[in-house]
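Residue numbers (the working numbering), protein chains in the order written: chain D, 1 to 415; chain F, 1001 to 1171.
Just to be clear, a hint being listed does not mean it is correct.
Within a straight-line C-alpha distance of at most 20 Å, the following computed SDA-like cross-link-like pairs (lysine to any residue) qualify [to be verified]:
| no. | chain 1 | residue 1 | chain 2 | residue 2 |
| --- | --- | --- | --- | --- |
| 1 | F | Lys1065 | D | Asn278 |
| 2 | F | Lys1069 | D | Trp43 |
| 3 | D | Lys245 | D | Trp43 |
| 4 | F | Lys1065 | D | Thr72 |
| 5 | F | Lys1065 | D | Pro279 |
Stretch by stretch, here's where chain D covers chain F in the computed footprint (C-beta under 8 Å, at least three residues) [claimed, not checked]:
| no. | stretch |
| --- | --- |
| 6 | 1021-1027 |
| 7 | 1035-1045 |
| 8 | 1068-1074 |
| 9 | 1148-1157 |
Think of the hints as simulated: they come from the structure by calculation, not from any bench. Each residue gets a CB set at the ideal place from its N, CA and C atoms; glycine is no exception.
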Amino acid sequence: MSGPSTYVPKSAIGRWFESRLPVMGLVHSSFVAYPTPKNLNYWWTFGAILSFMLGAQIVTGVVLAMHYTPNTGLAFDSVEQIMRDVNWGWLLRYLHSNGASMFFLAVYVHIARGMYYGSYKAPREVLWLLGVVIFLLMMATAFMGYVLPWGQMSFWGATVITNLFSAIPLVGDTITTWLWGGYSVDNPTLNRFFSLHYLLPFMIAGVVVLHVWALHVVGQNNPAGVEIKDVEKDSVPFTPYATLKDSVGISAFLILYCWFVFFVPNYLGDPDNYINANPLQTPAHIVPEWYFLPFYAILRAIPSKLGGVIFMFGAIVMLVLLPWLDTSRVRSAVYRPVYKVLFWCFIACVIGLGYLGSQPPEGGAVLAARILTAFYFIYFLVLLPLLGLFETPRPVPASIADSVLEGGAAEPGRA
Amino acid sequence: MATQTAEPTRRDMLYIATGAAAAVATGAAVWPFIAQMNPDASTLALSSTELDIGAIPEGQIVTVKWRGKPVFVRHRTKKEIDEAEQVPLAQLPDPATDQSRVKKPEWLVVIGVCTHLGCIPLGHQGPYDGWFCPCHGSVYDTSGRIRQGPAPRNLDVPDYAFLTDTKIKIG
Chain D
1 MSGPSTYVPK SAIGRWFESR LPVMGLVHSS FVAYPTPKNL NYWWTFGAIL SFMLGAQIVT
61 GVVLAMHYTP NTGLAFDSVE QIMRDVNWGW LLRYLHSNGA SMFFLAVYVH IARGMYYGSY
121 KAPREVLWLL GVVIFLLMMA TAFMGYVLPW GQMSFWGATV ITNLFSAIPL VGDTITTWLW
181 GGYSVDNPTL NRFFSLHYLL PFMIAGVVVL HVWALHVVGQ NNPAGVEIKD VEKDSVPFTP
241 YATLKDSVGI SAFLILYCWF VFFVPNYLGD PDNYINANPL QTPAHIVPEW YFLPFYAILR
301 AIPSKLGGVI FMFGAIVMLV LLPWLDTSRV RSAVYRPVYK VLFWCFIACV IGLGYLGSQP
361 PEGGAVLAAR ILTAFYFIYF LVLLPLLGLF ETPRPVPASI ADSVLEGGAA EPGRA
Chain F
1001 MATQTAEPTR RDMLYIATGA AAAVATGAAV WPFIAQMNPD ASTLALSSTE LDIGAIPEGQ
1061 IVTVKWRGKP VFVRHRTKKE IDEAEQVPLA QLPDPATDQS RVKKPEWLVV IGVCTHLGCI
1121 PLGHQGPYDG WFCPCHGSVY DTSGRIRQGP APRNLDVPDY AFLTDTKIKI G
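Same shape as in the complex, but just chain F:
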């Protein structure tokens, strides 16, 4: 078509414009088929869970379900707090101070999903007496920080707030 002229012709312009419009239209038509798989508004609506922590004795871990996932609420003992606070940051694969992961030292609130492949770690197990994931052997300490194994990150800390001294709201 444009064999003789170096200048783009009107036909070239129309050709490209038509092709571009077709590409955009195809993308727009495909999008609903992709987007339907994402969480819908009812799932996205931020649900929150309230928990009375007054009844949790020292040393115990309580699991609550939030957004379909378990959240661990751990009433830590003095020994567990000390262990968590005294670890040198250089020893941690994902360095974070214990203070940055808690609002009150006695209470640790973390999402109970192993950051490796999503299993639920078992409490009070493993060499650091924090959590141990039975699936692939990740070990977390009493601050929920990764210490050994394949998991790349510390256990995530969800958004939460102390409503009173004995009540927290997660989410």
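Just chain D, with the same shape it has in the complex:
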């Protein structure tokens, strides 16, 4: 995917094959000889962790689909059958349901890393935008997957989210009826969600290929935020250095994943989803899965239906616009003293929104959600553009090698 391949097949069969389909050379140049910045820290292993999670979700999902029945009369019971009767069914389902949470945890770390180190800046805008596309596909996939067990939260989550489209003027009701295949969330809805839930991960995989391709064209960003100038001095080959570092990251992440699966498999879920869907009774308190809570808080903070929907989707649009909203010429927050503080304020804001999204929309929670929603948008639309003009960055190292030889100064203040 980058640079001329230096791959030379050792065997005669290898040479025969390579001259007909140079796929081994492609793998070699992309994942063996590929030069990675030598100062990458563990926050850079989340790309590999995400690739692993996508694979884990596809493998567990394909086998779960062998036992699941997408019919409103049978879906809930078929999931219980997976839990109780299918050999190792409990493990496969817990791996898949907690895997979704782990996938989102990893993607949020990955996005935050990109924001902290300015990985969205030129020439990596397309790389960043492909990432936003993957994030959107992930959200659609996770939402539809959550509907499949056909519990109370499945049903009412599906009702609330599909009703978001009814806020669109003129055509809203036509669109929701089209999405449902009826006048409410029902069997046609469950069937199409199952079909799409199976399809979308493979679309994600396709966009991941483009994402990695774009990454290997422009090269990786790094904690210093300066480009590789001298391949010899500034970089190390992907294999073994990045391969093994990624393996350590994946292993550590697996410990967390397994802790959830084996010790608190229902901690991140909602007990109401173990009640069969009832179209005539809304649960007292509807909450989405934790990874949607910040967006849910923004939706509820706006006292207007269309406005809430616009701001919620607008929160994602901010990510799309980010490469052009940040006007600073310096990439890494390491050399941007004010931005670094603001970034952590932003992270606190998103976590705060997540907390408020889990609370009933009453009293002080509504006001707090409005304040944090305002900060979320002001951060992107006002603070970032102005900061690039007024902030005085610290001197940026001349090269990656220089930043490493400063004595671990690539990231002062962090172990």
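Starting from the known structure of chain D, arrange chain F on it as the hints suggest.
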């Protein structure tokens, strides 16, 4: 191709006609894949529900399922009717008189789906003693009209008719 002549040539005409035909054919081929997601004839067939309201005591709300959605049939008390009728229209986000929403003042029939995001509001709750939606806090009065919260519209009134004094047909 048309570098020398300002006049459109026969080839230009054929080019545009072919392109237009291809676009129409593509649209026609795509349409079934879009339209299959809409409700089919069996879903569209207007089902109707009959309900004996003679057994509903004053003050009670009965929920019936119609087209997969709940319909609230509320036997309103004198106090609830008075409250609904005496509200000045200027106070309502979606102004509608109580008379325009009922066929007989004692009986209010509304689709029990919050016009915000489709949750089912809880009866006899909220500051107006009408309905309160637990999802996002919309408040409806005893005429099913939106009074507070994010919902944009009053609860919808379905088509219904009194077959007799004690029987209604919804749909």
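Checklist entry - Which hint numbers does the structure go against, in order from smallest to largest? => result 2 and 6
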